[in-house]
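K.L.:
Taken in sequence, the protein lines are chains F and G.
Numbering-wise, this note's numbering puts 163 at position 163 of the first sequence, and it's gapless, one number per residue.
Numbering-wise, this note's numbering puts 127 at position 127 of the second sequence, and it's gapless, one number per residue.
Simulated from the structure, these hints should not be mistaken for laboratory data.
There's no promise every hint is true.
Stated by the list, open to error - Here are the simulated DSS-like cross-link-like pairs (lysine-lysine), alpha carbons at most 27 Å apart as the crow flies:
no., chain 1, residue 1, chain 2, residue 2
1, F, K299, G, K177
2, F, K440, G, K177
3, F, K440, G, K117
What the hints assert, rightly or not - Here are the computed distance ranges between Cβ atoms for each label pair:
no., chain 1, residue 1, chain 2, residue 2, range
4, G, R200, F, N512, 23 to 29 Å
5, G, L19, F, N453, 41 to 47 Å
6, G, I67, F, E516, 31 to 37 Å
7, F, N453, G, R175, 19 to 25 Å
8, F, N512, G, R175, 25 to 31 Å
9, F, K287, G, I110, 51 to 57 Å
10, F, L116, G, P146, 35 to 41 Å
Since we're looking at a predicted model, the values are computed, not measured.
Every residue gets a Cβ at the ideal spot worked out from N, C-alpha and C, and that includes glycine.
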Amino acid sequence: MIKAAPFKKFLGGLPKNVFSGFVVSLIALPLGLGLAIASEAPPIAGIIAAIAGGIVVSVLGGSHLTITGPGNGLVIVVLSSIVGMGGGDLYQGYLYTLAAIMLSGLLLFIFGVFRLGALSEFFPTTALQGMLAAIGVGILAKQFHVMLGFTEVKGNTIDQLILIPSSIKNLLSNPSSDIILASAIGILSLIFLFLYARIRNSIFQLIPAPMWVVIASIGVMYYYDLILKTPEVLGTNLMITLPDNLLASLPSPDFGKILDSDFMGYTLSITLVAVIESLLSIKAVDKLDPLKRRSNINKDLRALGIATGISGFFGGLNVVTVIARSSVNVNNGGNNRSANFFHAAFLVVFILLFAKQIQKIPMPALAAILVYTGYRLATPENLFRIYKVGKEQAIIFLTTLIATLMTSLTTGILLGILATLLVHIVLNKSGVLFSRNWLKPNVLMYLEEETGNYYVSVKNFCSFLNFFKLKAKLDEIPPNAHAIVDFSLCEFVDHTVMEGLNDYSRSFSRQNGFFEIIGLDVHEAKTEHPFAIRKSLPESSFLNFQISLTKRQKLLQKLSTILDWNYLPDPISNYDDLERFFYFKTKWINYRYNNLESKNKEFLLFDLSYSEGAFIAKEDLRSTFLQIKTPNKMPIFTLDKENFMTNIFQLSGLQDIDFKKHPDFSRRFYLRGEDIKAIRSFFTDELIYFFESHPTYYLESNGDSLLIRSKERLASIQEIKQMLAFAEELLKILENK
Amino acid sequence: MSLIAFKKILVGFAFSPNLKANVFESLRMAHFFGGELIFVHAGSKTPEKETRFKEIVASSPVQSEKIMIEWRVGSPVNTLLQASQEFDVDLILLGALKRENVLKFYLGSIARKITRKAKCSVLLLINPSVERRPCQHIVVNGFDSPQTKDTIRASFMVAKALGSKKISLVEEISRSKVAVAVDDDRSLRRATLKKEKLRRQEHTRVKDVVKKLPAELTSDINWITQSIFGRRGYSIGHYAKVVRADLLVMNAQENLSFVDRLITRDIEHILAELPTDVLIINSKGDD
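Here chain G stands alone, though its shape is the one from the complex (with noise of 0.2 Å):
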C-alpha cells in the first residue's frame, strides 16, 4: 500500500475576485498538511500582477515557510498539468464555480479538465473563504475496489490533519447487484432480504479495512458505514449534500474513454454538480 501524503501542493491562480479566498484556503491547507506550495499562474508576468499577488499572501494569517510562486505562459490546462508532473506534486487545488451549465460540461471547464487528466490527486473548493471554515464531517467513498484501501486510508490522514471528528463510509451498491425486480410483495421481501445480505457483506468489508488502518489514524475519530443502492458516484454526492458533509473524498477514476464522458458516471456526476468540497484521491503517482 503506498502513502499518501500532501507534501507538495500545486495551486493554479488567476486574478479574479476569489483570488484572495483562494490563497487563504491555500495557505491554511499547506499548513495543515505541513507542506511546501507551488503557485503556478498560466499568463504573463508584470511587476503589478507580482506585487499584488504577493501583498495578498502576506495579508494572510497563516504563513507557510516554502512558497514558490511560478509564471508561466500557455493554455492554463496544459501548463497546471506540465507543472505538476515536473514539481511531482502530490496534490493539485482548484476552486471551482458552484454551478456549471450542460453545455460546458461537454466542451469542459478548465477545472473539470485538469481533474480528469491530473495524475495525483485533486481538491477541488467550492467555497473558498478568507475565514476559516471548520471541516467536520468527511464522507468517504467505500464501494469494492482496489483503490479504495488508500482512499479510506487518505481520508482519516486528512481527518487528522483538518480535525475532522466524523467520517462516514459509504458503500455505494449498484442496483443491478440485487437483481431482483420489486413487483409486488413477493418480490418486494425477496429483494429486501437480499438487500440486507449485501448491507452486511459490504459492511464487513469496509470495516476489515478500517481495522488494518494503523490505531493512530483511526482513534478519536467517530466513524460510521452506510450502504446505499443506488447509481455508483451519484448517490454518495447526494448523500454528502444531505448530511452537510465538509468534505467528500473519492476515487479517482481509471482510464476514463469517450464514452464513459457520454453516460455520464461516477465522478462525472459529482464535477456535473459539485456537492461539497470534493478530494479525488489518486494513488497511482505516489508509488
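So here's chain F without its partners, still in its complex pose (with noise of 0.2 Å):
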C-alpha cells in the first residue's frame, strides 16, 4: 500500500517523460552519429551508446533527470586511441578500442563500488575547464574542414588548426560543385546554431536545433535526389553510412593488446574522462531539478560503468552522462529516470524505421554541429570569466590548455593540477602551509546546541587538494538547515572551493536552508569576484572600477529620481527569494543589475541575468522584472499567456484552470496553481475584468509576492513605466480585497 502512491505518481508522470524523451532524442540522434564520426568510430557507435546508457543508466542509476549517452569529452581521447592503436588501419584501431572501452566501463563500476566518486574533487576547477576547451579546440580544428567538405584533412589538433586558413582559401580558390553545396550546408548550419537562441519561438524551439539542422540537410539531400534526378551529388566520404543488417554486422571487441601500455594508456584516459565528464554533469544537472533531489554519484558510476560494458560490447562508445541533453530534458518537463529509458527507445525506432533517410544526413551538417559543440566548450567567453576571477586562474587556464593540445590529455590535466599547486605556492609565497597541513583533518562540524544551526570550521587551508574532506562535512548537513561556514582559522582558500560553497549556497537557498559564509573578512582577494582566491595576508588594495553608465541606465536612473526611487546599476549576486518562484525553476540565475526599488521596499524593478539549459543547448537571456510585496496573503499561482506550448504541457499533465463565466479570460490565460479552490475565489470577476483589459505579462505569485514579466527580453523605459503603472493598479485591486 506504501508503494502504490509513488507508483501512481510515475504513472501520471509518465506522458511528460515520454514526450521529453522524444524531444531529447531529436538532439541525442545528429549528436550520437556526429561524436561517433568525429571519433574515428563508425557513425552507429554514438547511436548504440546513447541507446544501451539510455536503458541501463535509467534502470540502474542513482540520478533522476540525467541523460546518458556518448559524450563530447570523449572524442579526443577515443579518436587518438583509435588512430594510435590502429596503426593505419582505423577499423582495427576501433575494435582494440572497443576492448578498451569495454575495460574502461570495468573501472567505472569499481570506482562506483568503491566510492571513489569523490576522487573527482581532487581537479581544480579552472584546470578542468582548461582540459574542456583543449577538447572543444580538437573537435572544432578538426570538424572546421569537414563543414567545409575537405574530408582528408590528417594531422593532431595544431596542425589542422593551422590548415583551417588553406581549407578556406582551397574552397575560394577552386570551387567544385560538390564542395560549394557541402560547404554551404556546413556554414548555413553553423550560422542557424548560432542564431537559433535568438529565435524565441516556443513552436520553434521544441525541436532541438540540431535535429533543425539534419532535418533540413536531409531536405536538400532529397531535393538533389528527387526533383533534380542527381543522386549522390556528395561524394560518399561525405555522407553517413549505417550497417544495412545491425545484428548481423556487430563488430568484435579485439583484446588483443590487452597488455600493451598504450592500450592500458589508453583505457585509463578514457576513464579519467568519462568520469569526469559524468560526475561534472550529474551535479550540474542537479541544481536543475525543479525537486531539489540529490543523485546518488557512486550508485550512478556503477551504472554508468555497466553501460558502458554493454555498449563496448556491442560497438558502441563510452557511455557517459551528457549536460546538453540532460538539460533539454529538464526543460522539456522530464522528472524521473524514464525519460532516460524513453529517449533510448525513440533512437532505436528512429534507427530501425529510418535507416534511410538518416543515411542521407551530410557530413558537413553534422560537422557544422560539432563545430558548434567545440566552440561552445572552448569560447573565449571562458577565458574572460575565468580572467576577471583572477589573473592567476587565466594562467592555470591557459596552461593546461596549451598542455593538452601539444601532449595529450592525461598530460594536460596533471600540469594544469602543478601548474595551480604552483600558483598557490607562488601566492602563499612558501609551500609550508600546504606540505605540512596537507594530510592533517582540518574541518569541524557540529550542530550547535543552543541554535541549531550546523557550524563548520575550517582550519589551515582550503584548496583543491582537501576539498574533499569539507565536502564530505557539508555533504551531512541536510540543505534545508542553517549552515555556518566559518574560514577564520583558514589562511587560504582558493577558486575551487570558492566556486563549491557557491553550489552548495545555491542548493541550500533551493532547499529553503541557509548557507553563509563567515571569517573572509579578512582575507584579501585580488579581484572582485565572488570565487576569487581569499589570502589572510593583506596584499594590495584592488582596483577602483568607474562605470560609465548606458543611455537606458541614465533614463533608469532619471525615472528613479522622478519615482524617488533608489537605483542601484551595479549586478548583486543576492537572489535569494527569485529563486523561490517557480519560473526560476529550471532556469538558472546568474545575477540581477539595475536595480530600482521603492522607499518602502514594497516595488523592486530590476533587469535579471539567467539562463535556460546547458551547454550546447544553453540559452542566455535578458529579462526585466517586477517584483512587488502584496499588502494580503495569495495563493500560489502563475499566469501566463496561453499559447501553443502551454497546451502541450497541458497534454502533458498541468492543468490550466478555466473560469466558465469568463471565456475570454480562460482562452488567453494559462492558469496554474495547487490549491485550485482558492485561486478560483482569488480571481473575483474584478480581478478577471483587469487581467483581460490591460496588457498580459507573465505573472506569478509566491504567496506574498509578485513577479512580473513582459517580455523575455529587457523592457525599454516606455515598457517599464507601462509595468509600474499596470502593478500600482493590479495593486490598488488587491489591497481592496
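Take the two lone chains and join them into the complex the hints point to.
P.N.:
Written as C-alpha cells, this is what we have:
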C-alpha cells in the first residue's frame, strides 16, 4: 500500500517523460552520429552508446534527470586511441578501442563500488575548464575542415588548426560544385546554430537546433535526389553510412593488445575523462532539478560502468552523463529516470524506421553541429570569465589548455594540477602551509546545541587538495538547515573551493535553507569576483572600476529621481527569494542589475541575467522583472499567456484553471497552481476584468509577493513605465480585497 | 573513583627567554591549587644560575610557601620523569612552543616525550605570561571511556580553583558509529536520524556523570554539552580553538604503541597543534 502512491505518481508523470524523452532523442540522434564520426568510429557507435546508456542507467542509475550517451569530452581520447592503436587501419583501431571501452566500463563500475566519486574533487576547477576547452579546440579544429567539405585533412590538433586558413583558401580558389554544396550546407548550418537561441518562438524551439539542421539538410539531399535527379551529389565520403543489417554486422572487440602499455594508457584516459565528464554533468543537472533531489553519484557511476561495458561489447562508444541533453530533458518536463529510457527507445525506433533517411545526412551538417559544440566548449568567453576571477586563474587555464593540445589529455590535466599548485605556492610565498597540513584533518562540523545551526570551521588552508574533506562534512548537512561555514582559522581559500561553496549555497537556498560563509573579511582577494582566491595576508588594495552608465541606465536613473526611488546599476548576486518562484525552478540565475527599488521596499524592478538549459542547449537570457510585495496573502499561482506550448504542457498533465463565466480570460490565459479552490476564489470578476483589459504579462505569486515579467528580453523605459502602472493598478485592486 | 588533587606540582625549567613567564605561571598555579612546587633543572648548578633563578622567583607577586629547587644533571626527559616519580608529584607543568615542525613530531620534542611517558597529569601551557590571564572557559572531553569520569571531575575541580564560569563537555562521536554513508536524500535522512539518536544517548550519559558529582563542585558553574561527529582527538582541539577556550582537559592515552604514533590519533593531534592550554588527566598514578 505504501508503494502504491509513488507508482501512481510515476504513471501520472509518464506522458511528460515520454514527451521529454522524445525531444531529447531528437538532439541525441545527430549528436550521437556526429560524436562517433568525430572519433573516427562508425556513426552507429554513438547511437549504440546512447541506447545502452538510456536503457541501463535509467534502470540502475542513481540520478533522476540525467541523460546518458556518448560524450563530447571523450571524442579526443577515443579518437587518439583509435588512430594510435590502429596504426593506419582505423577499423582495427576501433576494435582495439572497443576492448579499451569495455575495460573502462569495468573500471568505472569499480570506481562506483569503492565510492571513489569523490576523487574527482582533486581536480582544480580552472584546470578542468582548460581541459574542456582543449577538447573543444580539438573537436573544432578537426571538424571545421569537414564542415567545409574536406575530409582528407590529417594531423594532430595544432596541425589542423594551422591548416584551417588553407582549407578556406582551397574553398575560395578552387570551387567544384559538390564542395560548394557541402560547404554551403555546413556554413549555413553553423550560422543557424549560432542564431537559434535568439529566436524565441515556442513552437520553433520545441525541436532542438541540431535536429533542425539534420532535417533541413536531409531535405536538401532529397531535393537533389528526387527533383534535380542527381543522386549522390556529394561523394560517399561526405555521407553517413549505416550497416544494412545491424545485428549481423556487430563488431567484436579485440582484446589482443590488452597487455600493451599504450592500451592501458588509453583505457585509463578514457576512464578518467568519462568519470570527470559524468560527475560534472550529474552535479550540474542536480542544480536544475525542480524537485531538488540529490543524485547518488556512486550508484550512477556503477550504472554507467555497466552501460559502457555493454555498449562496448555491441560496438558502441563510452556511456557518460551528458549535460546538454540532460538540460533539454529538464526543460521539456522530464521528471524521472524514465525519460532517459524513452530517449533510448525513440532512438531504436529512429534507427529501425528511418535508417534510409539517416543515411541522407550530409557530413558537413553534422560537422557544423560538432564545430558549434567545440566552440561552446572552447568559447573565448570562458577565458574572459576566468580572467575576471583572477589573473592567476587565466594562467592556469591557458597552461592546461596548451599543455593538453601539445601533449595528451592526461598529461595536460596533470600539468594543470601542477600549475595550480605552483600558483598557490607563489601566492603564499611558501609551500609550507600546504606540505605541513595537507594530510591533517582540517574541518570541524557540529550541530550547535543552543541554536540548532550547523557550524563548520575550516583550519589552515582549503584548496582543491583537501576540498573533499570539507565536502564530506557539508554533504552531511540537510540542505534545509542553517549552515555556517567559518574560514577565520583558514589562511588560504582557493577558487575551486569558493566555486564549490557557491554550489552549496545555491542548493541550500533552493531548499529553503541558509548557507552562510563567515570569516573571510580578514582575507584579501585580488579581484572583486565572488569566486576569487582568498588569502589571509593583506597584499594590495584592489582597483576601483568606475563604470560609465549606458543611455538606458541614465534614463533609469532619471526615472528613479522622478519616482523618488533608489537606483543601483551594479550587478548583485543576492537573489535568494527569486529562486522560490516557480519560473526559476529549471533556470539558472546569474545576477540582477539595474535595481530600482521604492523607498518602502514594496516595489523592486530589476534586470536579470539568467540562463536556461546547459552547454550547447544553453540560452542566456536577460529580462526585466518587477517584484512587488502585496498587502494580503495570496494563493500560489502562475498566470501566463496561453499558447501552443502551454497546450502541450496541458496534454502532459499540467492543468489550466478555466472559468466558465469568463471564456475570454480562460482562452487567453493559462492559469495554474496547486490550491485550485483558493485560486478560484482569489480571481474575482473584478480581477479577471482587470487582466482582460490590460496588456498581458507573465505573472506569478509565491504567496506574499508577485513577480511580473513582460517579454523574454530587457524592457524599454516606455515598457517599464507601463509595467509600473499596471502593477500599481493591480495592487490597488488587491488592496481593496 | 580516585580523587584528583594537584598537591605536588613539578616544573622543569631552563634558562630561556620564557623563564620569567614560566615561573610566574607556575607560582600562580601552585597558589590556585594550594600545592607545593618543585622546580627541576636538568643541568649543572652554578651560583649565577641559582641567584638569577631566585631573583625571578622573588619578583613574582604571587608567592608560595613550599618551593623546592632541584638541580640535576642528565637528559631533560629522563631527569624530569625520574623526579616526578621520586617526589610522587600529581602534576607536571610544561611550557610548550606554539608550533612545532612535522619533522620534530617524529623525533619527539622534550615536552612531547614527557607528556607521553608521564605517569601523572600534565599541564601544557602554550602561552605562559607574566600577567595573569583569567581562565574563563574550559573544554573537557566526554567520550565514552572509563577514564572520562575522573577527567570530568578534575575539570570541575580545576574550574573551581581557577574561578572559571563555563565548562563545555564535548562528546566526540566517531563517524563510523553512524554507519550510514550519505549518498542521496534518503541516506542523508537516515544518517541525520541516526546521529540525533546517538547525540541524545551521549548527552544522557555525560549528564549522568555530571549529576553524580558533589553539588559543591558543580554549583555556580555553567556547563553545557556538545556532541561532535568527527575524528576523535582532532575535533575537540579544533572546537576548543573555535570557542576560544582557555583550557582543554583531556584523558591521558592508554598504551601508546608505535603504530598509534604513526597514524596520528587522539591526543597526538592535540600535541601536534596545541589549540590552547591543555591539561591531560592521568588518574592511574593517584590510586
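K.L.:
Next, verify each hint and record whether it holds.
P.N.:
Hints and how they fare:
| no. | hint | verdict |
| --- | --- | --- |
| 1 | F:K299 with G:K177 | holds (23 Å) |
| 2 | F:K440 with G:K177 | holds (21 Å) |
| 3 | F:K440 with G:K117 | holds (24 Å) |
| 4 | G:R200 with F:N512: 23 to 29 Å | holds (26 Å) |
| 5 | G:L19 with F:N453: 41 to 47 Å | holds (45 Å) |
| 6 | G:I67 with F:E516: 31 to 37 Å | violated (52 Å) |
| 7 | F:N453 with G:R175: 19 to 25 Å | holds (20 Å) |
| 8 | F:N512 with G:R175: 25 to 31 Å | holds (27 Å) |
| 9 | F:K287 with G:I110: 51 to 57 Å | holds (54 Å) |
| 10 | F:L116 with G:P146: 35 to 41 Å | holds (39 Å) |
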